[in-house]
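Trainee: Chains as they are written, first to last, in the numbering used here: chain V, 1 to 321; chain X, 1 to 321.
I should point out that these hints are in silico values taken from the structure, not numbers from a laboratory.
The reader is advised that the hints may include incorrect statements.
Claimed, not checked - Below, simulated SDA-like cross-link-like pairs (lysine to any residue); rule was C-alpha separation at most 20 Å, straight line:
| id | chain 1 | residue 1 | chain 2 | residue 2 |
| --- | --- | --- | --- | --- |
| 1 | V | K134 | X | G156 |
| 2 | X | K134 | X | R292 |
| 3 | V | K134 | V | L285 |
| 4 | V | K134 | V | S162 |
| 5 | X | K134 | V | K134 |
| 6 | X | K134 | X | I274 |
What the hints assert, rightly or not - Which stretches of chain X does chain V cover? Using the computed rule of at least three CB atoms under 8 Å from a CB of chain V, they are:
| id | stretch |
| --- | --- |
| 7 | 10–18 |
| 8 | 145–159 |
| 9 | 247–256 |
Positions of the beta carbon are idealized from the N, C-alpha and C atoms, including for glycine.
2 protein chains.
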Amino acid sequence: MTTNQPAAPPAGPVLGVDVGGTLIKAAAVAADGEVVARLERPTPPARDPDTVLSAVGSVVETLRAQVPDRVEALGVAVPGIIDEARGVAVMAANLGWRDTPVADLLSAATGLPVALGHDVRAACVAEWRLGVAKGGSDVLLATLGTGIGAGVVSGGRLLVGSGYAGQLGHTVVDPDGQRCSCGQRGCLATIASATAVVRRYAERTGGAEHPDGTPALSARDVAQRARAGDPAAAAVWADAVGALGRSLAIAVTVFGSELVVLGGGLALAGDQLIGPVQDSLDEWLTFQRRPRVVRAAMGAESGVLGAALLGRAALEETPVT
Amino acid sequence: MTTNQPAAPPAGPVLGVDVGGTLIKAAAVAADGEVVARLERPTPPARDPDTVLSAVGSVVETLRAQVPDRVEALGVAVPGIIDEARGVAVMAANLGWRDTPVADLLSAATGLPVALGHDVRAACVAEWRLGVAKGGSDVLLATLGTGIGAGVVSGGRLLVGSGYAGQLGHTVVDPDGQRCSCGQRGCLATIASATAVVRRYAERTGGAEHPDGTPALSARDVAQRARAGDPAAAAVWADAVGALGRSLAIAVTVFGSELVVLGGGLALAGDQLIGPVQDSLDEWLTFQRRPRVVRAAMGAESGVLGAALLGRAALEETPVT
Chain V
1 MTTNQPAAPP AGPVLGVDVG GTLIKAAAVA ADGEVVARLE RPTPPARDPD
51 TVLSAVGSVV ETLRAQVPDR VEALGVAVPG IIDEARGVAV MAANLGWRDT
101 PVADLLSAAT GLPVALGHDV RAACVAEWRL GVAKGGSDVL LATLGTGIGA
151 GVVSGGRLLV GSGYAGQLGH TVVDPDGQRC SCGQRGCLAT IASATAVVRR
201 YAERTGGAEH PDGTPALSAR DVAQRARAGD PAAAAVWADA VGALGRSLAI
251 AVTVFGSELV VLGGGLALAG DQLIGPVQDS LDEWLTFQRR PRVVRAAMGA
301 ESGVLGAALL GRAALEETPV T
Chain X
1 MTTNQPAAPP AGPVLGVDVG GTLIKAAAVA ADGEVVARLE RPTPPARDPD
51 TVLSAVGSVV ETLRAQVPDR VEALGVAVPG IIDEARGVAV MAANLGWRDT
101 PVADLLSAAT GLPVALGHDV RAACVAEWRL GVAKGGSDVL LATLGTGIGA
151 GVVSGGRLLV GSGYAGQLGH TVVDPDGQRC SCGQRGCLAT IASATAVVRR
201 YAERTGGAEH PDGTPALSAR DVAQRARAGD PAAAAVWADA VGALGRSLAI
251 AVTVFGSELV VLGGGLALAG DQLIGPVQDS LDEWLTFQRR PRVVRAAMGA
301 ESGVLGAALL GRAALEETPV T
């Protein structure tokens, strides 16, 4: 009888690594979900795959040395068009990678089983497995940061679309709007990303930059100014909320989501974002499912935790997608 | 050893029934996919579940008497908000049903295992299993008829969203547009359904109706007039194509579809629809996947065939969703 029982899943920790344009964030996560070690390093200025993946390899070795138990696997989250099934970064926009076989390269470098994931889908997995969307069947998580991405769970499965799913930030809201980095005009990300809110406020107020050219304000600062009665900030904030409501309404109409989770820099505004987006979304919906809009629970660590979950799922041969 | 082998799937035919606002269409489909009998009856004018499901039961018994082999199962496709997993029509708009346990009622009436499906998702299953989208991983089928619905396959699975997925016809294209039956303004269905094309042409030309008030023209007729140089027809057709391109671009951006299949009355225009919609869609896309746009292969029988496939899948306990 015992020969037919599956082997017990490996009990050691897995590593999760989130490779962003600015930081490589990493954590070792025990089988019970506890984070047993953390590490953060700047992403190397040279963005070629060799340099960045070498830095990831170094982060992995440092974390391995910090945890007493044998590390079982590695999950890595990267932004862009990420084909999880093949472990390939088809296009990692802010890193400049094209068709990079990240999983194979890191597996060769570390000797670990490696699962590659998309940063926003990884964050979605974290919120869906451990956070505010735990156990949901039909969930949409949108991160509102440098850009806007979405992770979508439908019928209890993560949607991948061979890497192309979830590009909510590039749904067009205003065809006559500002040029987007993707080449189109008026994408949601040009109005409602944290970056766009800061930029649009600066455009209205004549700029608010540090002497070195970096923005002096965060999206949260713009939100606070809006609340304090600054009309330029209020207009920019209202535009962002309205565009989010409209684009989320379309997404909810085609996905049938029961829960919308908002994360990223813009969501740091908390109730000043969540309530108005809920109201704007509700105004667009008639017979459709009316999802609750909530704030992500996990903050900036969701990508790392999601990457670790992807690593463990691959190890247990129970992929989440 | 043999005790561990699954039982052979039942070899007899299954019935597929597509319950529309006008017609109840049905077919008996053999295990090899061949249609061995067909039947069509008007949908009863009284739309209450008892009357309509009684008519469905009568269609089932008539078909059973026509096929020599034992009928194994029944698949039924209904429009609206259809919860396949529970077998419940949450809201069947043009039939007026609410929370009707269709699968249980028909199973009790016929003694057959019954799978309930959504009409457009059933059509999508038929094209995906047997038709122009056969074997695709990421497919979007849109039917352009009385309204507009979509069936979506993502990662080789049909999306259901607890019944709420795929309401492409109610994505808003023009917030200042005409009132939609759903209560919103400017839904895609108010511009690009077959019904809308006929209505909008009649509005521009002072009406083109038979003496009894029914439209004298089909959407295909409007397409032909547009091709012949009728400016009103050309304007209405261009609006429909443009709205479809824009809404499909948003859908492709969030689903990552590799193939878009167009069916329903509007697709009878063939190349006059497909090429222009492909061009309009392509204009909206930048880095996204660029799906091919093709015409549905199965025509008006796709709902029936899809319903039969759902019936057989349930029987074999290999659900397609």
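Trainee: Does each hint fit the structure? Answer for all of them.
Mentor: Structure-based check of each hint:
{"no.": "1", "hint": "V:K134 x X:G156", "verdict": "24 Å, violated"}
{"no.": "2", "hint": "X:K134 x X:R292", "verdict": "14 Å, holds"}
{"no.": "3", "hint": "V:K134 x V:L285", "verdict": "25 Å, violated"}
{"no.": "4", "hint": "V:K134 x V:S162", "verdict": "24 Å, violated"}
{"no.": "5", "hint": "X:K134 x V:K134", "verdict": "34 Å, violated"}
{"no.": "6", "hint": "X:K134 x X:I274", "verdict": "19 Å, holds"}
{"no.": "7", "hint": "10–18", "verdict": "violated (count 0)"}
{"no.": "8", "hint": "145–159", "verdict": "holds (count 6)"}
{"no.": "9", "hint": "247–256", "verdict": "holds (count 7)"}
The earlier numbered hints that this structure contradicts are 1, 3, 4, 5, 7.
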